[in-house]
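Student: What follows is each chain in one-letter form.
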Amino acid sequence: MKNKDITRIQVEKVASLARLELGEAEAERFAAQLGSILAYMEKLEELDVEGVEPLTHVLDLVNVTADDEPVPCLPREVYLANAPCRQDGLFLVPPVIE
Amino acid sequence: MNELRELSAGELAGLVAAGEISAREVVEDALSSIAARDGLLGAFLRVDREGALAAAAAVDEKMAAGEDVGPLAGVPVGLKDNLCVRGREITCGSRILAGHRAPYDAAVVERLRRAGAVPLGQLNMDEFAMGSSNENSGYGPVRNPWDPARVPGGSSGGAAAAVAARECPVSLGSDTGGSIRQPASLCGVVGLKPTYGRVSRYGLIAYASSLDQIGPFARTVEDAALVLEAIAGHDPRDSTSAPVEVPSYVDLLDRPPSLARLGVPRQCFAEGMEPEVEKAFRAALEVYRKEGIDVVEIDLPRIPYSVACYYILSTAEASSNLARFDGVQYGLRVGQEEGMLEMYRRTRQEGFGEEVKRRIMLGTYVLSSGYYEAYYARAQRVRRLIKQDFDEAFSRCEFVLMPTAPSTAFPLGEKTADPLQMYLSDIFTIGVNLAGLPAVSVPCGFSADGLPVGMQVIAPPFQEAGMLRAAKAFQDQTDFHCRRPEADRDVSPPAGKRGEQAG
Amino acid sequence: MSKWETVIGLEVHVQLGTRSKIFCRCPVEWGGDPNTRVCPVCLGLPGVLPVLNRRAVELGVKAGLALNCEIARFSKFDRKNYYYPDLPKAYQVSQYDCPLNGPGWLEIPNGGETKRIGITRAHLEEDAGKLVHFSSAKASGVDYNRTGVPLLEIVSEPDLRSPAEAGTYLRTLRTVMRYVEVSECDMEKGSFRCDANISLRPAGSTRLGTKVEIKNLNSFKGVEKALEYEEIRQRRILEKGGELVQETRLFDADAGTTHSMRTKEEAQDYRYFPDPDLVPVVLEEEWIEDIRRSLPELPATRAARFVRDYGLPEYDAGVLTSEKPLADYYEAVAAAADPKLASNWVMVELQGRLKEAGKDIGSSPVSPENLAELLNLIQEGTISGKIAKTVFVEMFEKGRAAGTIVEEEGLRQISDTDELTAVVEAVIAANPGPVEDLHGGKKKAIGFLVGQVMKETRGQANPREVNRIIARCLGLK
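Just so you know, the protein sequences line up as chains A, B and C, in that order. Just so you know, my numbering puts 21 at position 21 of the first sequence, and the rest follows in order with no gaps. All you need for my numbering is the position in the second sequence, starting with 1, plus 98. All you need for my numbering is the position in the third sequence, starting with 1, plus 601.
If you're looking for bench data, these hints aren't it; they were derived computationally from the structure. Please read these numbers as outputs of a predicted model, since none were measured by experiment. Just so you know, not all the hints are guaranteed correct.
To be verified - Here are the simulated DSS-like cross-link-like pairs (lysine-lysine), alpha carbons at most 27 Å apart as the crow flies: (1) C:K812 x A:K13; (2) B:K388 x A:K43; (3) C:K716 x C:K826; (4) C:K990 x C:K1045; (5) C:K822 x C:K681; (6) C:K841 x C:K716; (7) C:K716 x C:K681; (8) A:K4 x A:K43; (9) C:K987 x C:K1056; (10) C:K987 x C:K1043; (11) C:K841 x C:K731; (12) A:K13 x C:K716; (13) A:K4 x B:K513; (14) B:K485 x A:K43; (15) C:K987 x C:K1045.
Said to hold, decoys possible - Simulated DEER-style distance windows between Cβ atoms: (16) B:T576 x C:W888: 37 to 47 Å; (17) A:E46 x B:P341: 36 to 46 Å; (18) B:E104 x C:Q869: 37 to 47 Å; (19) B:R380 x C:W888: 53 to 63 Å.
For glycine and all other residues, C-beta sits at the position ideal for the given N, C-alpha and C.
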């Protein structure tokens, strides 16, 4: 099967954007697999898409909106109950330097 | 008691509504079926015994009070683990959502409850609905009731297996590229994917937003119609929900089908199916012909491009939909001592399985700077062409018939080495999602070694009623749907069972 | 005369004044305990979906019309993908290539004339949450109350040429947005935020120099100071022949300086793509026209009209039209009394007292009609300007009508010549010294005599008449 040359650097870059920390062997494997998958994707270049509009939604719905009517909120405990780390009604995360 | 699990959902609801059995009895029977069989199959990740019995009790109370109990009164329903159920642990078959309890019910769960149905628990699935064999679950694979050494299909493997094994009469799954229909085919049951927008996605943990739909598994077309009617309908909380009336699918099933012409795309024979599948499919076409229905060849020229198109669009959307799983608000969190960036990276690295990571990588790549036009935008144009192909086909026939899967259930581990090979096995189902059409897979035969083969009936948008009638017409002439898998007998689990258990 | 030309563009985010959030129905209010104004949708919990708030679109269009923008008949939402703990879905729903509002402009006052500043676009997007930093620095906390609040991002063309001009642009933009009631535009409450882009280029050049983005600007003065600092910093580097780095810098309000943001990452790749969960917005002409018709007269137009119709100086017109309720108040007074008099009294007396009392024009105890009545009493000569001020105090504090106060307290101005002459003659007789000064040419001494007459008449004498009679009595010119 044809393979597209996906470099380790590209894999690192994509993994970084996706916030994944791949292992060595894993990164190698992904580079090879993505290479063959992307080479397969090039099949789409066989088609003439000149003048064809991209399709985002299969239904032709437009203007789906809601009225500007506020609805009361549930107690925050409902949502904080799942928090891995919390304090004073806040979701805690490692310090973020701005 | 064993007879209860032989009954259809419609029959069960009828008996409960008539006061001939209690909802409690029905649910107790389902729970004991699960307890007896699921150790081997692994279809259920979590069973909510308490909740199910409480819901059954509520139905029985309503009966006693003379109130309307609903069209699915007392019917136990398994729910794929990507459907939110308030207060229950919902993980999408992933470790990254371990411990995550949904604070709300999905729209379909609300509707099932209103119809009197009883949610039983969460069904195993390929992680985040990515897979065609249910081997990608973070909690262990599901086994096919027809042969436990084989896969049930995916990603709704648990939902298909549970129904095939008569652990519950119906279940709900989701279908993005075939994830209801393909496991239905491999497990010898009915699996229906509605028109995109027919059923609300509110509460379905998204994989690919423009392709996902929720649908029922059942052993008969009638039951599929019954469940579809209960869950379909416009939902103002889902902007992509269609403002189209829900006809009474159940009532309309009784009307004689008006099937002038069915179309079979010639491309499906070129794509390669196992000889047994082709044999069963061709025999199925004869069933229609014998009824005097015209079965003609049609053309879907872009079908061969549908896998490439799908895997660009679905992975792109998924890479964005799954970005929120970061350990901040819920689920798994790892590495917080090392700072924010490390927390993100390690949580996702440890929480996601390999297939999910692979698709996130692919999706991120095709959206990244410099590649958008070549991959994503092009795939969107090809999607329009594929949809046009179907529109054109429906001007020549009322419904399209295709095999559901190119093979019968394959052994566990057989296809895991090459992801692309696994993707290519979706060739018959994917185009339907790209075009947003409704399709139902019905059992249409068996291979020489007794494995089920499924056939799809595909309809134009919002023509589920006609589609179900066409499927029923086939079902009425055959008895494939009545055959029973080996593993529907109570079997003790093999020594050293894997993964999570009912609880 | 400078070798270098400053080029500034501003990105302003205004919070739209809806009652609920852009994609869910959580209430939008300032403050509140953390995470008490959230729901599964704005928290981005698994399985949720957005539904667009129609009023956000309405206000977005209103703003666009007020900024002379081309309103897009077709617009859509896109996902801007990036990671930050205050962004729960790890993407922000925004608009990328089909914004709600296309190119437009805003005219700003420019030393007696106006200058047109181009607006590139204005689009809808959702706000993120807030990070709370613990002093122990061991953790940060996330509050999602603000997540999902509707924002309009207004991007200006790089048409501004000085920090002062940037300040004027911001103030003018703020006034306009408040006029059309699109946003409160309160920088302190975060409903008006600004990032600036500044570059320098050789005077006369048309190519843009290296752009530096400035963030953490929390006041109009801060914006001007930051840009002033940047101008100098950049000029110094360029004059030495150095090159500027295209970067993002943060403004330090205390030090008055900017410093580079510590970022290890390369330029962000947001991977924009159309949001599949939201459908496009297609606007009908009718609907846009309805909104256009509902727009009030904009401040610049209204100020020009004040100058033209009421003969007010530009400065006064500017002050009176700086807030719509104030302009409305003024016009109600001017409709019933002398416009120039009204202008002085509204700007000085009324605004002064309101400020002291911590009230705004909307809660003025003196209604426009009451004020007009007072002004007419002055105009008719019924009371003097000085007396009017004391009457006004009583009107303000007790909410009573001018006419009533004047009658009850007998404050009518005395203009009767005979009555006044009698008093004048008595005062002249009693003050030979000043009289002599006057005859001697000391014109100012008349003031003392007038003062005495006023004292005798408890301030009610008509001062002009008094002056005239004294002059007549003493045979002065």
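Student: Now look at each hint and say whether the structure bears it out.
Tutor: Hints versus structure:
no.: 1; hint: C:K812 x A:K13; in the structure: 26 Å, holds
no.: 2; hint: B:K388 x A:K43; in the structure: 40 Å, violated
no.: 3; hint: C:K716 x C:K826; in the structure: 22 Å, holds
no.: 4; hint: C:K990 x C:K1045; in the structure: 25 Å, holds
no.: 5; hint: C:K822 x C:K681; in the structure: 31 Å, violated
no.: 6; hint: C:K841 x C:K716; in the structure: 33 Å, violated
no.: 7; hint: C:K716 x C:K681; in the structure: 34 Å, violated
no.: 8; hint: A:K4 x A:K43; in the structure: 12 Å, holds
no.: 9; hint: C:K987 x C:K1056; in the structure: 13 Å, holds
no.: 10; hint: C:K987 x C:K1043; in the structure: 25 Å, holds
no.: 11; hint: C:K841 x C:K731; in the structure: 41 Å, violated
no.: 12; hint: A:K13 x C:K716; in the structure: 46 Å, violated
no.: 13; hint: A:K4 x B:K513; in the structure: 22 Å, holds
no.: 14; hint: B:K485 x A:K43; in the structure: 18 Å, holds
no.: 15; hint: C:K987 x C:K1045; in the structure: 20 Å, holds
no.: 16; hint: B:T576 x C:W888: 37 to 47 Å; in the structure: 55 Å, violated
no.: 17; hint: A:E46 x B:P341: 36 to 46 Å; in the structure: 38 Å, holds
no.: 18; hint: B:E104 x C:Q869: 37 to 47 Å; in the structure: 59 Å, violated
no.: 19; hint: B:R380 x C:W888: 53 to 63 Å; in the structure: 56 Å, holds
When held up to the earlier numbered hints, the structure conflicts with 2, 5, 6, 7, 11, 12, 16, 18 and fits the remainder.
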